[in-house]
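Fit chain V to the supplied structure of chain F, relying on the hints for placement.
Chains as they are written, first to last, in my numbering: chain F, 101 to 974; chain V, 93 to 229.
Because the hints were derived from the structure by calculation, they are not lab data. Keep in mind that this is a model prediction, so the values were computed, not measured. You may find that some hints are simply not true.
Stated by the list, open to error - Distance condition first, Cα-Cα at most 30 Å in a straight line; then the derived DSS-like pairs of lysine-lysine:
{"#": "1", "chain 1": "V", "residue 1": "154", "chain 2": "F", "residue 2": "468"}
{"#": "2", "chain 1": "V", "residue 1": "122", "chain 2": "V", "residue 2": "201"}
{"#": "3", "chain 1": "F", "residue 1": "237", "chain 2": "V", "residue 2": "202"}
{"#": "4", "chain 1": "V", "residue 1": "142", "chain 2": "F", "residue 2": "513"}
{"#": "5", "chain 1": "F", "residue 1": "961", "chain 2": "F", "residue 2": "625"}
{"#": "6", "chain 1": "F", "residue 1": "176", "chain 2": "F", "residue 2": "110"}
{"#": "7", "chain 1": "F", "residue 1": "489", "chain 2": "V", "residue 2": "142"}
{"#": "8", "chain 1": "F", "residue 1": "946", "chain 2": "F", "residue 2": "961"}
{"#": "9", "chain 1": "V", "residue 1": "147", "chain 2": "F", "residue 2": "471"}
{"#": "10", "chain 1": "F", "residue 1": "637", "chain 2": "F", "residue 2": "625"}
{"#": "11", "chain 1": "F", "residue 1": "751", "chain 2": "F", "residue 2": "550"}
{"#": "12", "chain 1": "F", "residue 1": "565", "chain 2": "V", "residue 2": "171"}
{"#": "13", "chain 1": "V", "residue 1": "137", "chain 2": "F", "residue 2": "237"}
{"#": "14", "chain 1": "F", "residue 1": "916", "chain 2": "F", "residue 2": "666"}
{"#": "15", "chain 1": "V", "residue 1": "154", "chain 2": "F", "residue 2": "489"}
{"#": "16", "chain 1": "F", "residue 1": "916", "chain 2": "F", "residue 2": "884"}
{"#": "17", "chain 1": "F", "residue 1": "892", "chain 2": "F", "residue 2": "961"}
{"#": "18", "chain 1": "V", "residue 1": "147", "chain 2": "F", "residue 2": "323"}
{"#": "19", "chain 1": "F", "residue 1": "233", "chain 2": "F", "residue 2": "131"}
{"#": "20", "chain 1": "F", "residue 1": "447", "chain 2": "V", "residue 2": "147"}
{"#": "21", "chain 1": "V", "residue 1": "136", "chain 2": "F", "residue 2": "565"}
{"#": "22", "chain 1": "V", "residue 1": "122", "chain 2": "V", "residue 2": "202"}
{"#": "23", "chain 1": "V", "residue 1": "202", "chain 2": "F", "residue 2": "570"}
{"#": "24", "chain 1": "F", "residue 1": "565", "chain 2": "F", "residue 2": "229"}
{"#": "25", "chain 1": "V", "residue 1": "122", "chain 2": "F", "residue 2": "946"}
{"#": "26", "chain 1": "F", "residue 1": "176", "chain 2": "V", "residue 2": "122"}
{"#": "27", "chain 1": "F", "residue 1": "253", "chain 2": "V", "residue 2": "171"}
{"#": "28", "chain 1": "F", "residue 1": "102", "chain 2": "F", "residue 2": "176"}
{"#": "29", "chain 1": "V", "residue 1": "156", "chain 2": "V", "residue 2": "131"}
{"#": "30", "chain 1": "F", "residue 1": "146", "chain 2": "V", "residue 2": "136"}
{"#": "31", "chain 1": "F", "residue 1": "489", "chain 2": "V", "residue 2": "136"}
{"#": "32", "chain 1": "F", "residue 1": "131", "chain 2": "V", "residue 2": "131"}
Unchecked claim - So, partial list: chain F residues that the calculated Cβ filter (under 8 Å) puts toward chain V:
{"#": "33", "residue": "138"}
{"#": "34", "residue": "142"}
{"#": "35", "residue": "199"}
{"#": "36", "residue": "233"}
Heads up, the beta-carbon is just placed ideally off N, CA and C, and yes, glycines get one too.
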Amino acid sequence: LKGASFMAVKAESLGGYLAAAGELQKNGIDKTDFRQLLFTGMPHQKVAENVLAGKVDAGTVRTGVLESLIASGTIKATDFKILNAKSTSIFPLMHSTELYPEWPFSVMPHIDNNIANAVALALISMSSKQHTKYLWKVSKNYRPVHQLMMNLKVPPYDKKESIWKKMIEYKTSLLSLLTALLLLLFFSVSLYRTNKRLVINQNRSKNMAETLEYIASSENLEKTLTKITTSIEHNFPFIRASILLLQRGRLYKGAAPSLPDDYNNALEGLEIGPNVGSCGTAAYYAKQVIVEDVSSSPLWAPYKNLALKHNLQSCWSEPIFDSQGQVLGTFAMYSDKPRSPTTLQLKDISSAAYLAGIAIERNLNENKIKKLALAIEQTAEAIIITNEKGEIEFINQSFTKITGYSLDEVLGKNPSILSSGRQDKEFYHNMWRSILEKGSWVGRIWNKRKSGDEFPERLHISTVKNDNGKIHYIGLFSDITEQVATEEQLIYAQKMEAIGTLVGGIAHDFNNILAGMLGNTYLIKKKLQDQPALSNKVKNIEDLGFRAKDLISQMLAFAHQGIVKKSNIDIADCLKKATHLAKAALPKEILFNENLGSEELTIFADGALLQQVIINIINNARDAVEGITEAKIKISLQRQRADSKFRKKYKQANTGDYAHLSISDNGSGMNKDIIQHIFDPFFTTKAINKGTGLGLSMALGTIQSHLGFIDVSSEPEQGSSFHIYLPLLQSSHKKDNKKKNTSAAFVKKHTHILIADDEPHILEILTEVLQEEGYIIHSAIDGKDALSVFQKNKELIQLAILDISMPGMAGTQVAKEIRESNPQFPIIFNSGYDKSNMPTDLISDKHCLKLQKPVEIHTLKQAVSNLLNTQTHD
Amino acid sequence: MYKLLYKKLLPLCLILLCLGAQAAHASTLKIGVLSFQSKEETLKKWTYLKAYLTKNSSSPAKFKIVPMFYDELDTAVAKGSIDFVLTNTAHYIRLEQQYGISAITSLEKKVGNTLLDSFGGVIFTRSDRSTLITFMI
Numbered sequence: 101l102k103g104a105s106f107m108a109v110k111a112e113s114l115g116g117y118l119a120a121a122g123e124l125q126k127n128g129i130d131k132t133d134f135r136q137l138l139f140t141g142m143p144h145q146k147v148a149e150n151v152l153a154g155k156v157d158a159g160t161v162r163t164g165v166l167e168s169l170i171a172s173g174t175i176k177a178t179d180f181k182i183l184n185a186k187s188t189s190i191f192p193l194m195h196s197t198e199l200y201p202e203w204p205f206s207v208m209p210h211i212d213n214n215i216a217n218a219v220a221l222a223l224i225s226m227s228s229k230q231h232t233k234y235l236w237k238v239s240k241n242y243r244p245v246h247q248l249m250m251n252l253k254v255p256p257y258d259k260k261e262s263i264w265k266k267m268i269e270y271k272t273s274l275l276s277l278l279t280a281l282l283l284l285l286f287f288s289v290s291l292y293r294t295n296k297r298l299v300i301n302q303n304r305s306k307n308m309a310e311t312l313e314y315i316a317s318s319e320n321l322e323k324t325l326t327k328i329t330t331s332i333e334h335n336f337p338f339i340r341a342s343i344l345l346l347q348r349g350r351l352y353k354g355a356a357p358s359l360p361d362d363y364n365n366a367l368e369g370l371e372i373g374p375n376v377g378s379c380g381t382a383a384y385y386a387k388q389v390i391v392e393d394v395s396s397s398p399l400w401a402p403y404k405n406l407a408l409k410h411n412l413q414s415c416w417s418e419p420i421f422d423s424q425g426q427v428l429g430t431f432a433m434y435s436d437k438p439r440s441p442t443t444l445q446l447k448d449i450s451s452a453a454y455l456a457g458i459a460i461e462r463n464l465n466e467n468k469i470k471k472l473a474l475a476i477e478q479t480a481e482a483i484i485i486t487n488e489k490g491e492i493e494f495i496n497q498s499f500t501k502i503t504g505y506s507l508d509e510v511l512g513k514n515p516s517i518l519s520s521g522r523q524d525k526e527f528y529h530n531m532w533r534s535i536l537e538k539g540s541w542v543g544r545i546w547n548k549r550k551s552g553d554e555f556p557e558r559l560h561i562s563t564v565k566n567d568n569g570k571i572h573y574i575g576l577f578s579d580i581t582e583q584v585a586t587e588e589q590l591i592y593a594q595k596m597e598a599i600g601t602l603v604g605g606i607a608h609d610f611n612n613i614l615a616g617m618l619g620n621t622y623l624i625k626k627k628l629q630d631q632p633a634l635s636n637k638v639k640n641i642e643d644l645g646f647r648a649k650d651l652i653s654q655m656l657a658f659a660h661q662g663i664v665k666k667s668n669i670d671i672a673d674c675l676k677k678a679t680h681l682a683k684a685a686l687p688k689e690i691l692f693n694e695n696l697g698s699e700e701l702t703i704f705a706d707g708a709l710l711q712q713v714i715i716n717i718i719n720n721a722r723d724a725v726e727g728i729t730e731a732k733i734k735i736s737l738q739r740q741r742a743d744s745k746f747r748k749k750y751k752q753a754n755t756g757d758y759a760h761l762s763i764s765d766n767g768s769g770m771n772k773d774i775i776q777h778i779f780d781p782f783f784t785t786k787a788i789n790k791g792t793g794l795g796l797s798m799a800l801g802t803i804q805s806h807l808g809f810i811d812v813s814s815e816p817e818q819g820s821s822f823h824i825y826l827p828l829l830q831s832s833h834k835k836d837n838k839k840k841n842t843s844a845a846f847v848k849k850h851t852h853i854l855i856a857d858d859e860p861h862i863l864e865i866l867t868e869v870l871q872e873e874g875y876i877i878h879s880a881i882d883g884k885d886a887l888s889v890f891q892k893n894k895e896l897i898q899l900a901i902l903d904i905s906m907p908g909m910a911g912t913q914v915a916k917e918i919r920e921s922n923p924q925f926p927i928i929f930n931s932g933y934d935k936s937n938m939p940t941d942l943i944s945d946k947h948c949l950k951l952q953k954p955v956e957i958h959t960l961k962q963a964v965s966n967l968l969n970t971q972t973h974d
Numbered sequence: 093m094y095k096l097l098y099k100k101l102l103p104l105c106l107i108l109l110c111l112g113a114q115a116a117h118a119s120t121l122k123i124g125v126l127s128f129q130s131k132e133e134t135l136k137k138w139t140y141l142k143a144y145l146t147k148n149s150s151s152p153a154k155f156k157i158v159p160m161f162y163d164e165l166d167t168a169v170a171k172g173s174i175d176f177v178l179t180n181t182a183h184y185i186r187l188e189q190q191y192g193i194s195a196i197t198s199l200e201k202k203v204g205n206t207l208l209d210s211f212g213g214v215i216f217t218r219s220d221r222s223t224l225i226t227f228m229i
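Isolated chain F, as found in the complex:
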């Protein structure tokens, strides 16, 4: 490069000139060796432009400039070559010179040590969260820069030269020479002092830097406190330092690496007080306590032997405060001779106490934060925090557990990603008004999980302001799916109970009315046998009466109030009967597909009720496919294992297998709102005269009373599928209870029968019907009457037909009295509707039957005949 033209940025610039100049100087090239030395001034880019334009032979810039020019496409890597290229580990940029520390953050001499330390500590604690590009570390060693500038004799190290110049100026006079010599001496001393000061500062600041690093990393409080004591001890050879921590009025060891263990142990847990050595007293009064001579101080009287034994002659203690002025502990220096502290020592004591305060407070805060963090993470409630723009800044584990979203997925997003759309604008408007006006909102809201499932949550939103006045929103919520389900079940159960009570209440009277009507109709029909036109009309009345009867029994069934006659039945058999009936009413163009399988699936059920359920569902399907081309209804039956998935869906399911009956159609389908209500009584989508709204409620009630489950899946325009699950009987439990063939009614003429009913119409009809059959009837208008009639004709009466609920004495009570004398006396109970069950001994009694009003005449006749037969055969 000698004789070359060289370009740099600025004479004072370290990266832009001095570093290169130093490197060249080391290689024997002085700036005077250049043919030409030019400075472009900022920015560095100008040098690169001139070198690449060929205006100068070579140039220098700060490290990194070329890389960024390449990155921006201004120049190409192949355009230039690096002279004296060096490689330094962990420094990725091209460089030709030694490396020097980056910009320092420095403190003016008038600033108090404690403030400087506080700032330094804050800076080195900065994380890339606070600033992505510029971070800070403890001060690097700037001495090599001093050295470089001395070597290059640039300001501030350019003065020596001027002294020589001055000397030469004054060389003619002895005085001048002397002056010059003195000046030389002065500057030499000054240079030496500068160097020494730099070295001392270097050591002290190295110690300080290390201490600060310990505090900043805050990994281990004891280590940090030990570091504080050892750096102080390092400054003063005859000093031993200790830090004690104050907890609930007692002192505990923080760090005292140079004090003997038995001394430390003796002080452990010492209660502070107005006369408790230097530290106990300093902590008690929250004031510095200087004891110059332990042996004579009253404060030390109880402890001096112990202290003197270890040659601890004086003790200067300073309380350690937190930022709120609370005493956290003490910092003390012990000396091996009775003496008072020097100014420097006092300064260091206060400085050490200050640093220890920061370290202890940070440690306490950190522990507090750790506990808080743990609590926030582990609470079962989901927590979400957003900034004032509503962007999510934090979520806890429970949030992820409930919603399925991880932190990465929601960070920076708006919580509206959870919105289910179930709440309208007004809802959110009111919510926000409450948040903004009152600072909080509590309520129930439906949200959506990542999986798309919707769930109810109880949400509490509140606003908080941080110390910058910035608003954050904190949301706390818990998934209340189960609670809501329980509530819904409860409401449903209450509704059912209310309806059940209502239905039960009217059923009794209604059935009695129907029994009267149907009985009379029967009698009229019989009398009109030779007048077909009239008898048909009467038949119609009878049919309507039976439809009314069915309606009542369906209402009773859905309300779980019906009389259920369960027996072991083959469900396929039951299905066939039901579909046979239903098909008769189906239009021919509907394709009906049955797949009942070949396996015999036996359940314990009321076949008649079950058939009604199936018919109801098929009827719904028929209405759903009305007007659909290629309408289809499909019925299938199969075995369903109660696996864990099944039992998860149906919590009450037991482990045995189930019969799975499904009835599907390709009809109009239903939306969610309708599905929610289809099992509600009197809910119907059909035209007013087309459905009662009871069909599916009855189905639900029936299936539930069979310990089964009914479910529906449907989409609008996609059709619906009803699924019924009924518990299968295990083969060992199958009882052979095939009904005995009902023999044709065998009427024993002139048999005396007692009939008791408080309804005169029914009494009259029953009497008339049975008299026609040839029986001799004794009628009674209530229970007591029945008993007295029976007593009077005890020898004659062979059977009693009793209404269950009668004023004065119930039918069951009458039966008991009659049975006193004849335990096998045949009795038929004829009940309108009675909620109280029959005594169990009567139900299983083969000499006893229960009939449901309104009774079909045929059924009644059959029952009477059967019971009398049994009697004969016994």
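Chain V alone, transformed into the frame defined by chain F:
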């Protein structure tokens, strides 16, 4: 895992802890910052420091960034009218030597994925200048 979590939580917990605890601000500490661009640029670049220190240093004081050109910064240091100095390394050496300011921390710049705490010079020539110059004479 825990550590990561903890790092994420820390600032939030600080927010929670700091709720309502508004520190009483005693005084304002001035940071003189060397400006070699426009002062607005300099102010913008270092504002984060002011906010950060005011909030995070254990000193109750507020901080203020004062952008200054070389001569202004020299005068301010000489007069003691500022409290902290942020300037380039060479300038710092002069001010340390003349006025006894002392470095408490050093900058770390993020370049790519590494943090660089030092710098130097790069000496270069056009790649076709073969007649020149092997650097070591």
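Hints, verified against the model:
no.	hint	in the structure
1	V/154 with F/468	holds (26 Å)
2	V/122 with V/201	holds (23 Å)
3	F/237 with V/202	holds (13 Å)
4	V/142 with F/513	holds (29 Å)
5	F/961 with F/625	holds (17 Å)
6	F/176 with F/110	holds (24 Å)
7	F/489 with V/142	holds (24 Å)
8	F/946 with F/961	holds (17 Å)
9	V/147 with F/471	holds (23 Å)
10	F/637 with F/625	holds (9 Å)
11	F/751 with F/550	holds (25 Å)
12	F/565 with V/171	violated (40 Å)
13	V/137 with F/237	holds (19 Å)
14	F/916 with F/666	holds (26 Å)
15	V/154 with F/489	holds (27 Å)
16	F/916 with F/884	holds (13 Å)
17	F/892 with F/961	holds (25 Å)
18	V/147 with F/323	holds (27 Å)
19	F/233 with F/131	violated (36 Å)
20	F/447 with V/147	holds (27 Å)
21	V/136 with F/565	holds (25 Å)
22	V/122 with V/202	holds (26 Å)
23	V/202 with F/570	holds (28 Å)
24	F/565 with F/229	holds (20 Å)
25	V/122 with F/946	violated (107 Å)
26	F/176 with V/122	violated (43 Å)
27	F/253 with V/171	holds (26 Å)
28	F/102 with F/176	holds (27 Å)
29	V/156 with V/131	holds (14 Å)
30	F/146 with V/136	holds (25 Å)
31	F/489 with V/136	holds (23 Å)
32	F/131 with V/131	violated (33 Å)
33	138	violated (14 Å)
34	142	holds (6 Å)
35	199	holds (4 Å)
36	233	holds (5 Å)
The structure shown violates the earlier hints numbered 12, 19, 25, 26, 32, 33.
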